[in-house]
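Chains as they are written, first to last, in the numbering used here: chain A, 1 to 468; chain B, 1 to 468; chain C, 1 to 468.
A portion of the hints provided could be inaccurate.
A pair counts as met if it fits within one copy or between any two copies, since identical chains are not told apart.
Cut-off 27 Å, straight-line C-alpha distance, at most; resulting in silico cross-link-like pairs (DSS-like, lysine-lysine) [what the hints assert, rightly or not]:
{"hint": "1", "residue 1": "K437", "residue 2": "K207"}
{"hint": "2", "residue 1": "K13", "residue 2": "K206"}
{"hint": "3", "residue 1": "K214", "residue 2": "K279"}
{"hint": "4", "residue 1": "K122", "residue 2": "K334"}
{"hint": "5", "residue 1": "K279", "residue 2": "K13"}
{"hint": "6", "residue 1": "K122", "residue 2": "K276"}
{"hint": "7", "residue 1": "K207", "residue 2": "K42"}
{"hint": "8", "residue 1": "K279", "residue 2": "K206"}
{"hint": "9", "residue 1": "K42", "residue 2": "K206"}
{"hint": "10", "residue 1": "K214", "residue 2": "K334"}
{"hint": "11", "residue 1": "K214", "residue 2": "K276"}
Bear in mind the hints are in silico, worked out from the structure with no lab data behind them. Keep in mind it's a predicted model, so treat the numbers as computed, not measured.
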Amino acid sequence: MAQTVEPKRRRGKLTLVLVIFQIIFLVLFGIFVEYGEDSDAKAEQNNLEHGNGGADAMDNRLGYYYPMFQDVHVMIFIGFGFLMTFLKRYGFGSVGYNFLLAAFVIQWATLMQGFLHLHHGKIQVGVETMLTSDFAAAAVLISFGALLGKVSHLQLIILGFVEIIFFSVNEYVGAGYFQTADVGGSMFVHVFGAYFGLAASRVLNKKSWEGSSKEGSVYHSDLFAMIGTVFLWMFWPSFNSALAPGDDQHRAVINTYYALASCCVTTFAVSAMVSKENKLDMVHIQNSTLAGGVAVGTCANMMIQPWGAMVIGVVAGTLSVVGYKWISPFLLSKVHLHDTCGVNNLHGMPGILAAIAGAIAAATAETSNYGYGLYEVFPARAPLVNSTALDTILDDFTVDAGSGRTAGMQAGFQLVALVITLAIAIISGMLTGLLLKIPILDQLTPDELYDDNNFWEVPEEDTHYVKV
Amino acid sequence: MAQTVEPKRRRGKLTLVLVIFQIIFLVLFGIFVEYGEDSDAKAEQNNLEHGNGGADAMDNRLGYYYPMFQDVHVMIFIGFGFLMTFLKRYGFGSVGYNFLLAAFVIQWATLMQGFLHLHHGKIQVGVETMLTSDFAAAAVLISFGALLGKVSHLQLIILGFVEIIFFSVNEYVGAGYFQTADVGGSMFVHVFGAYFGLAASRVLNKKSWEGSSKEGSVYHSDLFAMIGTVFLWMFWPSFNSALAPGDDQHRAVINTYYALASCCVTTFAVSAMVSKENKLDMVHIQNSTLAGGVAVGTCANMMIQPWGAMVIGVVAGTLSVVGYKWISPFLLSKVHLHDTCGVNNLHGMPGILAAIAGAIAAATAETSNYGYGLYEVFPARAPLVNSTALDTILDDFTVDAGSGRTAGMQAGFQLVALVITLAIAIISGMLTGLLLKIPILDQLTPDELYDDNNFWEVPEEDTHYVKV
Amino acid sequence: MAQTVEPKRRRGKLTLVLVIFQIIFLVLFGIFVEYGEDSDAKAEQNNLEHGNGGADAMDNRLGYYYPMFQDVHVMIFIGFGFLMTFLKRYGFGSVGYNFLLAAFVIQWATLMQGFLHLHHGKIQVGVETMLTSDFAAAAVLISFGALLGKVSHLQLIILGFVEIIFFSVNEYVGAGYFQTADVGGSMFVHVFGAYFGLAASRVLNKKSWEGSSKEGSVYHSDLFAMIGTVFLWMFWPSFNSALAPGDDQHRAVINTYYALASCCVTTFAVSAMVSKENKLDMVHIQNSTLAGGVAVGTCANMMIQPWGAMVIGVVAGTLSVVGYKWISPFLLSKVHLHDTCGVNNLHGMPGILAAIAGAIAAATAETSNYGYGLYEVFPARAPLVNSTALDTILDDFTVDAGSGRTAGMQAGFQLVALVITLAIAIISGMLTGLLLKIPILDQLTPDELYDDNNFWEVPEEDTHYVKV
């Protein structure tokens with residue numbers, strides 16, 4: 001087994017950094033975090049009837065959100081973790097750092113997102129904040145995909161910490177201030193995570209990243225990766241719909257299901273077309289089959305009809321395979337943009353497609369095709385406070401006053417959110433890349449690239465059963 | 001690595017066929033498919049109260065069906081996909097074609113099943129139709145198991161397309177017209193899928209199929225297969241109960257749970273008995289442990305009592321291991337029936353057992369042991385319209401008028417449905433096999449059998465860590 | 001491939017034992033087991049309205065418990081099964097015997113737990129008893145972890161059968177008689193299972209157990225194990241909260257989520273610190289990341305606040321890594337305690353930590369921080385029957401009379417339950433170890449240790465693609 005390179009230079013740093021952050025998290029949780037009313041034994045609603053666990057247990061929001069939360073949880077930890085195990089000698093790092101990063105980020109994201117939504121100076125947690133913390137982890141894991149095998153775990157932790165700050169602010173601005181619709185987080189999670197990671201990768205780029213024989217798969221590593229792919233694919237309807245209510249949620253499930261089905265079929269069709277001898281390429285099957293879930297994520301709860309979702313899936317699958325085949329090599333050779341997992345093809349471009357599809361769907365949304373459901377999907381479309389229009393609605397429907405936006409205005413805000421997301425992601429990603437160049441953060445030597453051997457106790461291979 | 005054989009003959013065909021079908025699906029979805037009322041923003045019930053997502057979000061049928069739908073979804077894509085990865089060099093094809101076929105079929109089954117249940121000329125989709133589309137995919141994947149490694153992906157797509165037509169008609173006749181009870185689809189899914197695939201396999205049979213050294217497993221491929229096995233086993237209670245209401249669903253869960261537990265124990269017992277030196281055989285553990293889920297599928301919602309479910313599990317496990325040990329080799333040598341995954345032992349014979357168990361249970365079902373629940377399990381048992389018997393029931397219970405069937409009549413219909421299912425499956429499977437012999441559909445050469453190498457970009461093995 | 005050793009001595013024994021037990025289970029199920037009222041078609045509540053499946057399907061307890069039941073089911077069969085596949089040549093045994101043992105135990109535990117909670121002489125089953133049967137299986141699988149690779153399947157079955165008897169009695173005494181709070185079963189499942197298995201291991205100990213070259217992992221076996229780890233980690237909130245009502249359940253989910261997150265980060269920090277060259281050790285990542293779920297299990301539903309849960313996670317992760325690094329080797333060399341999976345570090349010590357944390361939390365629980373929810377978490381804290389204190393509560397809240405325990409008394413009972421659990425586990429584990437020494441039960445020869453080859457048909461390795 002190869003000698004590890006300069007192990008001493010990193011002695012104790014990962015431990016030190018993790019311990020410091022964990023202590024900070026503990027202190028901040030101690031000061032700021034408390035149970036939400038659904039999980040606080042003392043809350044009045046939980047002191048009514050014993051047999052039902054306080055209030056009616058069926059009414060606890062846990063019952064509504066938990067099954068989908070667990071689907072998303074599987075996507076984060078199994079899905080992203082195993083999707084990246086395709087590299088032949090980086091399986092420990094893929095699933096291991098994915099695990100570490102996500103467990104780190106869900107704590108930090110609870111705090112950052114909580115600070116932006118304080119209740120009387122406190123952060124109230126519950127299944128909904130667990131969901132949004134998991135979404136935040138997804139963004140960091142997407143960025144990780146762009147850098148897989150090329151940065152140290154120390155650099156990853158710093159990247160995750162910084163990214164969550166910008167991620168939370170961007171989402172707060174886009175979803176909160178601009179009232180953009182993005183139910184599946186295709187802009188705020190996928191576009192942000194992809195271009196943040198790509199920007200950092202570009203800044204950190206080294207010649208040694210290219211051409212390593214270790215940057216490839218073996219037969220069984222490709223099968224491990226398919227565990228990740230299939231779990232992501234199956235549970236993506238939960239990702240895109242978890243936070244939507246009632247019929248909106250149901251619609252988001254349906255649209256994502258059909259977008260993914262058509263995307264999968266399209267990926268096989270295009271992969272066979274672009275590959276040598278019409279063979280299928282596991283890189284496409286592992287990744288591009290999922291692009292439909294990203295691309296339908298912004299408009300999943302809109303009235304795009306199942307056929308509309310399928311068109312989005314077809315375009316996304318095609319775009320993604322074309323990305324792997326031609327755009328990634330082009331960006332690598334011309335722009336020196338190295339993207340280990342091809343996150344530009346799975347999350348970046350399909351995320352931009354999602355934003356555009358969302359803007360188009362928003363531009364055609366009226367009460368004629370949405371009923372009053374229009375104001376659930378686009379709260380800013382609701383009439384202004386004290387307007388006659390609002391009073392008419394309130395006769396039949398409970399709705400908060402909005403900004404009286406037109407369909408065209410809403411579509412414009414959707415595109416503005418995309419531009420802002422791209423800008424914040426790229427600029428903050430580049431700055432983070434610069435930060436990660438600080439020598440103390442242990443950049444990898446060429447020998448350490450794409451290889452578990454230098455950071456993990458790797459077992460000696462068993463040779464007993466290999467016949468020669 | 002071996003040269004691929006005659007790649008040019010298949011240039012572009014898979015792409016062409018998938019593109020054509022995907023366009024047809026898109027057009028038909030555009031014309032016929034719309035959201036069901038639970039997912040249509042404009043539906044009146046969704047325009048009442050904003051805070052709950054239109055109507056009370058808890059009342060949306062998504063909440064009732066979605067957790068079990070996702071369990072079934074995992075069975076289809078992870079369960080069937082990984083169960084078939086046991087072959088040493090066909091892992092990509094197993095999990096990959098499973099993925100493609102299922103994504104293809106869920107679109108086509110939405111249409112076919114929808115055409116048989118039109119609402120005012122439209123197909124309304126929702127979580128329930130997603131469930132039945134996934135069930136339809138299961139039938140095709142079972143047929144795939146009989147043909148694994150022996151047909152091209154092009155042939156598989158054609159097979160899936162044709163099979164869904166006959167599958168949907170058979171189920172419509174059996175469940176709709178004959179009002180047969182088959183809550184877990186043991187007849188309409190398992191028996192149909194198995195004998196359709198076996199009939200096609202018999203027609204396509206070639207001498208070269210037998211005796212290939214590639215038709216076997218390696219150590220880690222057997223572990224990948226166990227991922228499929230265990231997910232199928234765990235979620236089978238959801239498969240057998242997803243579409244049943246209330247106490248029927250609860251009962252189907254319990255019966256399937258115990259049938260599977262006793263089947264698993266029995267499989268180990270019988271496998272150790274029939275194997276050389278009392279060793280356990282992974283083929284049995286991977287497959288026969290699941291036979292109890294199939295065999296209890298028809299009567300899972302009936303009042304068979306937990307001990308009854310366990311008896312079914314014991315018989316099914318025994319039958320299945322005996323099938324792998326003696327019946328499959330016999331059929332191969334005497335009838336030239338080659339069954340790669342042994343679907344006759346996991347789905348075929350246990351499905352027939354299910355039908356018989358269902359008929360026996362139906363023959364003993366009366367209001368004395370079911371209460372009025374009898375008419376939920378067997379709607380045709382309800383008294384005729386305007387009969388005195390019906391009026392008496394309607395005093396306490398809401399029930400539609402039925403056909404006034406006796407227990408014996410219902411049992412007879414159960415057996416008739418089995419016979420019809422077998423007949424349609426075998427005849428349509430043979431016709432499909434003939435269709436797949438058309439030269440343009442790329443039958444495999446002997447070198448291409450059980451081998452990913454000819455249709456997939458297979459990575460070079462890494463030799464770096466193998467010491468000699 | 002190595003010759004198997006003395007295969008004849010075990011001819012037919014496994015089959016015979018499994019058949020006998022399965023018949024006993026069938027007979028006892030036939031006599032005692034019936035559907036609970038939620039799943040009995042005849043029950044009055046299920047004869048009201050057809051459309052809803054008897055009573056309102058949404059009210060069936062299946063809907064409340066089933067999603068979490070399935071999460072726990074995945075933990076038992078995938079989680080424990082794959083966690084143990086880390087051994088290089090014992091993957092079939094790990095996932096296979098796990099499967100067999102669990103399927104065996106869930107039947108036997110249904111009976112044993114049912115006998116202790118008879119309804120008019122009958123055992124009523126449903127989703128709640130399925131949950132508690134799965135919990136019982138967890139205890140046996142933990143014991144299996146201590147003995148992995150060192151005992152025959154015959155010995156495992158006997159061990160499982162005996163363990164469930166003592167397990168059920170201990171839980172009945174601790175949870176029922178002493179009214180100890182242990183929502184996640186950290187004492188009754190984890191402490192019991194770990195020390196039962198360790199006691200048996202100590203009694204069975206042989207010199208040959210140590211120093212085998214087969215007692216280690218290979219690269220891909222460590223990845224298979226991570227499938228188990230991550231599924232256990234993700235679904236642990238369901239394990240700790242499944243049986244709690246309403247806000248208690250929600251709180252248990254939150255506390256477990258954060259305890260696991262901080263435990264994961266801590267495990268990486270401490271693993272890097274204690275390992276040679278600061279490398280990460282897969283043994284720690286696979287196991288110690290989960291210790292937080294065990295350690296928070298007793299107090300998960302108490303008002304410990306998220307920061308309290310995180311502190312428990314930090315302590316548990318540290319304790320567990322220290323256990324793997326120093327305590328296990330110490331116990332092996334000084335006490336000849338061989339613990340293949342290190343269950344003392346994952347279940348034993350973290351379970352004791354859970355009991356202590358639970359006692360501390362119980363000692364500080366008052367209505368000032370719990371409201372009347374206090375009596376949900378600690379039913380024995382409720383005032384005595386006919387007391388003025390009880391009457392006051394009953395004005396606002398439905399609660400059964402309790403024992404009027406103070407916080408200190410409850411804390412004392414928590415510790416008493418720990419001591420009793422330890423005592424029963426160790427004594428019954430040692431007795432079981434002695435029982436397993438009976439020659440007829442096939443103790444393993446040194447050649448058979450940690451090796452599938454002697455009990456499974458192991459495929460010849462494929463050498464076709466290994467280049468030399």
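Evaluate K214 and K279 at a C-alpha cut-off of 27 Å and name the case that applies: within, between, both or neither.
Answer is both; intra-copy 23 Å and inter-copy 20 Å each pass.
Intra- versus inter-subunit Cα pairing at 27 Å for K279 with K13:
Classified as between: cross-chain Cα gap 12 Å, same-chain 46 Å, threshold 27 Å.
If the cut is 27 Å between Cα atoms, do K42 and K206 qualify within a copy, between copies, both or neither?
neither (56 Å within a copy, 54 Å between copies)
Tell me, please, which holds for K122 and K276 at an alpha-carbon limit of 27 Å: within, between, both or neither?
neither (58 Å within a copy, 43 Å between copies)
Homo-oligomer pair classification [K206, K279; C-alpha up to 27 Å]
between (32 Å within a copy, 24 Å between copies)
Go through the copies and call it for K214 and K276: within, between, both or neither, with a Cα cutoff of 27 Å.
So K214 and K276 pass the 27 Å test inside a copy (22 Å) and across (24 Å) alike.
Between the shortest in-copy and the shortest cross-copy C-alpha distance, which are at most 27 Å for K207 and K42: within, between, both, or neither?
neither (59 Å within a copy, 56 Å between copies)
Cα distance capped at 27 Å. Does K122 pair with K334 within a copy, between copies, both, or neither?
neither (49 Å within a copy, 51 Å between copies)
Taking 27 Å as the upper bound on the Cα-Cα distance, should K13 and K206 be classified as within, between, both, or neither?
within (23 Å within a copy, 41 Å between copies)
Intra/inter-copy verdict for K437 and K207 if alpha-carbon distance must be at most 27 Å:
So K437 and K207 pass the 27 Å test inside one copy only (15 Å; across, 52 Å).
Classify it for me, K214 with K334: is the Cα-Cα distance of at most 27 Å met within a copy, between copies, both or neither?
within (22 Å within a copy, 43 Å between copies)
Consistency with the previously given hints fails for numbers 4, 6, 7, 9, ordered from lowest to highest.
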